[in-house]
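Using the sequences and the hints, build the whole thing.
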Amino acid sequence: MAIDFTDQVVLVTGAGAGAGAGLGYSCAVAFANGVISLASDLSSFSTGSLLEVDGGWNAI
Amino acid sequence: MSRMLNKIAIITGAASNPGLGYSTVMRFAEEGAKLVITDIDMVGLAAVEKEITAMGAEVLAMEQNVVDEQRWQEVIDATVERFGGLDVLVNNAGIAVLKPINEYTQADYNLQMDVNLRSVFLGCQKAVPAMKDSGGGSIVNMSSVAGMRAMAAVSVYGMAKAGVQILSKCVAIEHAADGVRCNSLHPGLIETNIQNDARRDNPEGHAQLGTMVPLGRMGNPEEVANCVLFLASDEASYVTGAELVVDGGLIAG
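The listed protein sequences derive, respectively, from chains A and B.
Position one of the first sequence corresponds to residue 1 (this note's numbering), numbered consecutively onward.
Position one of the second sequence corresponds to residue 1 (this note's numbering), numbered consecutively onward.
These are computed hints drawn from the structure, not numbers from a lab.
All figures in this text were calculated on a predicted structure; none of them were measured in a lab.
Each hint can be trusted.
If you only want the chain B side, here are some residues facing chain A, beta carbon under 8 angstroms, derived: (1) 176; (2) 219; (3) 236; (4) 242; (5) 248; (6) 252.
C-beta atoms are modelled at their ideal positions from N, C-alpha and C, and glycine is treated no differently.
In structure tokens:
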């Protein structure tokens with residue numbers, strides 16, 4: 001099963017060009033990988049959870 | 001089809017179907033990984049090997065007791081010899097001995113801590129050098145929500161799984177500069193062989209389990225495997241020292 005957003009309606013806020021390289025912009029343009037993973041049906045049993053994407057910053 | 005293309009991955013506890021290891025093997029095979037699958041159950045492992053070979057995956061199946069330090073090194077060496085490196089380790093093998101504290105024997109305790117925690121330490125310890133030689137890698141350690149929330153009859157299991165969580169963070173910090181990521185994954189109530197055993201032993205109690213989950217059901221192994229795949233893949237290239245909970249919202253409250 002691949003990541004598949006076919007026929008899914010996606011609302012991304014903060015997605016304007018003014019967002020620059022921020023997460024909103026990356027969502028709109030390239031879809032941040034973690035956002036894709038959590039948004040897709042592949043994480044169908046993951047809810048109420050948090051996913052840190054920080055290069056280990058919060059692990060210390 | 002290519003999220004794990006040519007990635008060399010070791011998955012322990014791969015034989016039990018339905019199980020988290022088996023489902024992870026299937027997902028990795030679908031995404032193009034080269035697989036080393038291990039288990040103590042060689043009959044079950046041979047069936048998995050046959051199934052993914054038919055899918056076109058390259059696979060090496062090895063008998064492995066994950067508490068055996070020497071065998072860990074042999075698995076790592078065989079992986080490097082067969083495929084030329086190591087990119088991913090999924091420390092999945094585990095057991096669940098669930099009983100009240102006053103009923104635990106020392107043997108129960110030792111077995112559970114060995115299989116669920118010491119084996120993960122050994123796997124990380126032995127895999128990191130091979131990953132460094134490969135230019136980096138990703139370790140996914142199977143923990144549990146039982147390592148994050150106290151529950152009755154889960155004491156030693158939860159202790160071991162909590163240990164897996166902090167071990168994963170330590171590995172992440174110690175080896176970030178080596179390009180080795182390490183994360184823990186925390187499933188909740190998942191329909192595996194362990195749950196099949198629980199259903200057989202206590203069908204009425206087991207039937208109530210799904211109602212405890214905010215999503216209203218137990219999860220299936222494929223839903224966990226999809227999250228293992230994400231953490232193992234380059235899509236999670238900035239995720240290390242983190243824990244991903246896959247529990248239908250069980251411990252969110």
